[in-house]
Each structure stands twice: as structure tokens, then as C-alpha cells.
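Please put together the full structure from these sequences, using the hints given.
If you're matching them up, the sequences are chains A and B in order. 107 is the number that this note's numbering gives to position 106 of the first sequence; each next residue is one higher, with no gaps. 31 is the number that this note's numbering gives to position 26 of the second sequence; each next residue is one higher, with no gaps.
For the record, the hints were derived by calculation from the structure and aren't laboratory data. Do not take every clue at face value.
Unchecked claim - Coverage of chain B stretches by chain A, computed from C-beta distances (three or more under 8 Å per stretch; other residues unrestricted):
| # | segment |
| --- | --- |
| 1 | 49-56 |
| 2 | 86-93 |
Claimed, not checked - Straight-line Cα separation of at most 25 Å, PhoX-like style, residue types lysine-lysine; simulated pairs:
| # | chain 1 | residue 1 | chain 2 | residue 2 |
| --- | --- | --- | --- | --- |
| 3 | B | Lys75 | A | Lys101 |
| 4 | A | Lys101 | B | Lys21 |
| 5 | B | Lys78 | A | Lys101 |
| 6 | B | Lys75 | B | Lys117 |
| 7 | A | Lys58 | B | Lys8 |
| 8 | A | Lys58 | B | Lys107 |
| 9 | B | Lys8 | B | Lys75 |
| 10 | A | Lys18 | A | Lys58 |
| 11 | B | Lys78 | B | Lys8 |
| 12 | B | Lys8 | A | Lys101 |
| 13 | A | Lys19 | A | Lys58 |
What the hints assert, rightly or not - Derived contacts from chain A toward chain B, CB cut-off under 7 Å, selection only:
| # | residue |
| --- | --- |
| 14 | Pro40 |
| 15 | Glu43 |
| 16 | Leu44 |
| 17 | Arg97 |
| 18 | Phe104 |
| 19 | Gly107 |
Idealized CB from N, CA, C, for every residue including glycine.
Here are the chains, one letter per residue:
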Amino acid sequence: EADIYQTPRYLVIGTGKKITLECSQTMGHDKMYWYQQDPGMELHLIHYSYGVNSTEKGDLSSESTVSRIRTEHFPLTLESARPSHTSQYLCASGDRAPAKLFFGSGTQLSVL
Amino acid sequence: AQKITQTQPGMFVQEKEAVTLDCTYDTSDPSYGLFWYKQPSSGEMIFLIYQGSYDQQNATEGRYSLNFQKARKSANLVISASQLGDSAMYFCAMRDPSGTYKYIFGTGTRLKVLA
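Printed below as a string of C-alpha cells:
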């Protein structure tokens, strides 16, 4: 049903590396979101976007940045990864009514 | 401030029985939307059911129903005839009624269905 894709599914990298987590959706949704989630825990909003050239920081402070140059693409970048960034990152997009969220499969990031 | 509370960290249910997962919310806005999502061990989030604050009837989607009690500010998820595949984390969420289209999630309930 949902056409929202995240790559990579799993990523193991060393401290200090720059990484970009990809998220794309083919549903034409204006609203897109990035959530961070530790295993078995709640979701924390780190970034969101209402449309092209619109990005906002979420409720959880994050050292990551996002961009929204195209409607379908909402990548998240970490300039210098640290072990504290180890987590699952979930991308989502929202439709108009009732504005439910469609989620990607997530990226499990491990920083050594 | 808007808030979602799920007080059951974990629940067990026997296969084929019904189970209720609790969710309470806090908002002063009269217009809001409530959602339930399922997260299996594979990690993806699956939309289950939606209830709008002005909806007169409780939402139902197959084996899922939402027991919406507006005065109590509760939106409990009822799963009927539990199946082994229902074992997962379940999250209650509310769309921020202030119009930001942000979503607030609860801490989740881990459900284990026993054979």
C-alpha cells in the first residue's frame, strides 16, 4: 500500500564519518518526517517538512540536518557520526485526510 | 501541552482472546485525530486505525476497534480474536491539533500473544 522507501536498511560505520540516510516517497505527500527510535522505545521527532524548501527541527535535539529539494525526497545527513547516534531512524510521510502517516522500513544505524 | 500516555509497558493475551490496550491523551483543542500503529520486530510501523475527535461512532477496522471515550480522554485499542502474528509493539499517537501536522506518540505497549 505505502510507497515510501528508506535506504540503507542497516548501516555500520566508524566514528567521524559523514552519512546520508535516504528517504523517498512516490505518493506526492507534502509532509514528511524523520523519527529516531531506540529499541522498544517511543518515537522522537527530529525533523519535519511541509513541502519543498521547508524544513523544521523536531522536538528532540539532533545533530543531523535535512533537505527537501524535491517533494518525493527527504534525506537526513549526519556530518560526523558518533556512537550516541546509534539508533533506528524512521522516515514517514503524511496524506491530507485523515493525515495518517506512512512509514518506511527504517534504517538501523550503528556507529562504532 | 499535548500528551499521549500508555501505561501498560507489556501485555500478555491468550490466542483467540480479546485484549485492550490503553491510551489516554491530553489536549485542550476540540479538533484532533488519534491513531494506533503496530510495530512488529522487523521495525516497520503499520497503521491500524484512526479516530477523529468529531466522529460519532467508534472506529473499526477488521479485528481492531477503538474504544473512544471523549470525556475521559481515552482511546483504547481492542483487538479481538488475537493471533500469534499480533505480537508486536503498539503505539498510540495524536496529530497535533494546533495545525502543525506534527504527531505525538506514546511510549508503546508490547503485546505478546500466547499459543
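Compare the structure with the hints numbered earlier in the document and write down the numbers of the violated ones, lowest to highest. Going through the list in order, the structure violates hints 2, 4, 6, 14 and 17 and respects the others.
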